[in-house]
Structures are given as C-alpha cells and as structure tokens.
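We have chain Y; now place chain B onto it with these hints.
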Amino acid sequence: GAGVSQSPSNKVTEKGKDVELRCDPISGHTALYWYRQSLGQGLEFLIYFQGNSAPDKSGLPSDRFSAERTGGSVSTLTIQRTQQEDSAVYLCASSPGLAGGPNFGAGTRLSVL
Amino acid sequence: AQSVTQLDSHVSVSEGTPVLLRCNYSSSYSPSLFWYVQHPNKGLQLLLKYTSAATLVKGINGFEAEFKKSETSFHLTKPSAHMSDAAEYFCVVPFLSGGYNKLIFGAGTRLAVHP
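Residue numbers (our numbering), protein chains in the order written: chain Y, 31 to 143; chain B, 43 to 157.
With the rest of the complex left out, here is chain Y (with noise of 0.2 Å):
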C-alpha cells in the first residue's frame, strides 16, 4: 500500500516567506509527527496529533510554526516569515497506536535564502 507522503519533496524560499509543507499518512492511522533534521544533527520533535485530541505542540521552536491536521488525515505545517536557520528536512511519519514504530515519509528539503 501507499506510505507516508510528503510534499513537496523540496523548497526553496526566499528569507521572510511563509511555507506550506504537507504530509498524507497512511490511510487509518491514527497519529501523526513531524520532525526536523538539520544538518549534521539529530531529529527534533516538533509537533505530535492522535486522532481527535489536542495536539502536542511542545516541539515547535517558535510561533512562526504551526500545524494543522484536517479530518484526521492530511496534516500542514506552516512556517511564517522563514528565517535562514528554518533550513533543513522537514519529516512527517505516522502510525495506528504506540506499539508499531511509524511509517516516515521521505521529507521536504527546506532552503531559505
């Protein structure tokens, strides 16, 4: 079946842009991240949906980030007025429950100029 999708696969944005960066999970599953890896370093959670419950939005670095799940499907992440230290892989991944490790999608390569 279909995996994680991630759109698009990369962006290139001049500084003080806003970006939309989309994820399509699998169909069912019921949680959904995003992370960011940047260069040379490690992943840094920024923000966990489980169906229909607040998110946990612990991770996002500042209020220029948000991230909305619709239907309990497609998610958007939405960075304003990007700044150069935004630039990095934007990962989404999903899963049905905490036992199964989640699915990741292949990310969005985010560049600001």
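Accuracy of the hints is not assured; some may be wrong.
As the list claims (entries may be wrong) - Listing some non-contacts, in silico: residues in chain Y with all C-beta distances to chain B over 12 Å:
(1) Ser39
(2) Lys41
(3) Ala61
(4) Glu74
(5) Gly102
(6) Arg139
Unchecked claim - As a list, the in silico BS3-like pairs of lysine-lysine whose alpha-carbon atoms are at most 27 Å apart:
(7) Lys100/B to Lys111/B
(8) Lys45/Y to Lys87/Y
(9) Lys87/Y to Lys144/B
(10) Lys144/B to Lys91/B
(11) Lys87/Y to Lys84/B
(12) Lys45/Y to Lys84/B
(13) Lys41/Y to Lys100/B
(14) Lys110/B to Lys144/B
Quick caveat, the hints were computed from the structure, so don't treat them as lab data. Being a predicted model, the structure only gives us computed values, none of them experimental. We treat Cβ as the ideally placed atom computed from N, Cα and C, and that holds for glycine.
The following block gives chain B in isolation, referenced to the frame of chain Y:
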C-alpha cells in the same frame, strides 16, 4: 525519564565483517524499542522493533537486535556487512507521557562500509 544513548557517532567496518551498533536506553519500565535506518537523502525506514515479545528481534536486510534488560541495551548487529548497509542508524524509544506518544531518538550512528 526515558532517554536513548547511541554510544558511537561513527562506525567503520570492512565489507563482509560483522557490524555492531550500540544503543543504551533509560526507562522506568520495559519499553518498546526501534531501530531505523536512513540512507543518504532518503527518509527513515524501520529496521526492526522490540515490543516485549521475543528479546531477540530479527529485522530486514539481515539485521537483528537483542533486548537486554539487565544491561539496558538494545544493540544492533549484522554478521556480515554489505556496501549497501552504509547509512545512518537511529535507536528510538517511544513512551506515553501525559496522554501523548513521544519518540525519543538517539543521536544516530553513521556506518561506513569499506571494500
């Protein structure tokens, strides 16, 4: 609190020799544990998972890991390295906190395989 430590940031082996990537965890209970692999410019792929069934877990591509509670370890091994195994490997522990599922990632181990 839960944590994961990958003891080596880089491991280099020759093709055909054994691979050992070390992972130690800290948890107040017997956790689930995962190993993921990330090839260059690719997403993360689940290699194997421990979920308190068998302590020796077999994964894809000939990898396996053994959960040792007494040592709080979950080391990843492969008897014979292949060139295609060159990648970064992450040990991950999930846990439930305040009703939220969190994933704790180790810092990663970059595996180089030489001919």
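Hint check results:
Distance check on Ser39/Y: its Cβ comes as close as 10 Å (rounded) to a Cβ of chain B, failing to clear the 12 Å threshold; non-interface status is violated. Against chain B, the non-interface label of Lys41/Y holds: every CB pair exceeds 12 Å, the least being about 15 Å. At roughly 6 Å, the least C-beta separation between Ala61/Y and chain B is not larger than 12 Å, which violates its mark as non-interface. Not every beta carbon of chain B lies more than 12 Å from that of Glu74/Y, the smallest distance being close to 9 Å; the non-interface claim is violated.
Non-interface status of Gly102/Y relative to chain B is upheld: no Cβ of that chain comes within 12 Å, the nearest being about 15 Å off. At roughly 8 Å from the closest C-beta of chain B, the C-beta of Arg139/Y falls inside 12 Å, breaking its exclusion from the interface. At roughly 17 Å between alpha-carbon atoms, Lys100/B and Lys111/B fall within 27 Å of each other, so this suggested pair holds. For the hint pairing Lys45/Y with Lys87/Y, the CA-to-CA distance comes to about 24 Å; that is within 27 Å, so the pair holds.
Our distance criterion of 27 Å between C-alpha atoms is met by Lys87/Y and Lys144/B, whose separation comes to about 11 Å. Between Lys144/B and Lys91/B the CA atoms are separated by roughly 16 Å; this keeps the pair inside 27 Å, and the hint holds. Taken as a hint, the Lys87/Y and Lys84/B pair is honoured in the structure, with Cα atoms around 26 Å apart against an allowance of 27 Å. Taking the CA atoms of Lys45/Y and Lys84/B, the gap is about 26 Å. The hint holds against a cut of 27 Å.
Between Lys41/Y and Lys100/B the CA atoms are separated by roughly 37 Å; this puts the pair beyond 27 Å, and the hint is violated. This hinted pair checks out: Lys110/B and Lys144/B have alpha carbons roughly 22 Å apart, not beyond 27 Å.
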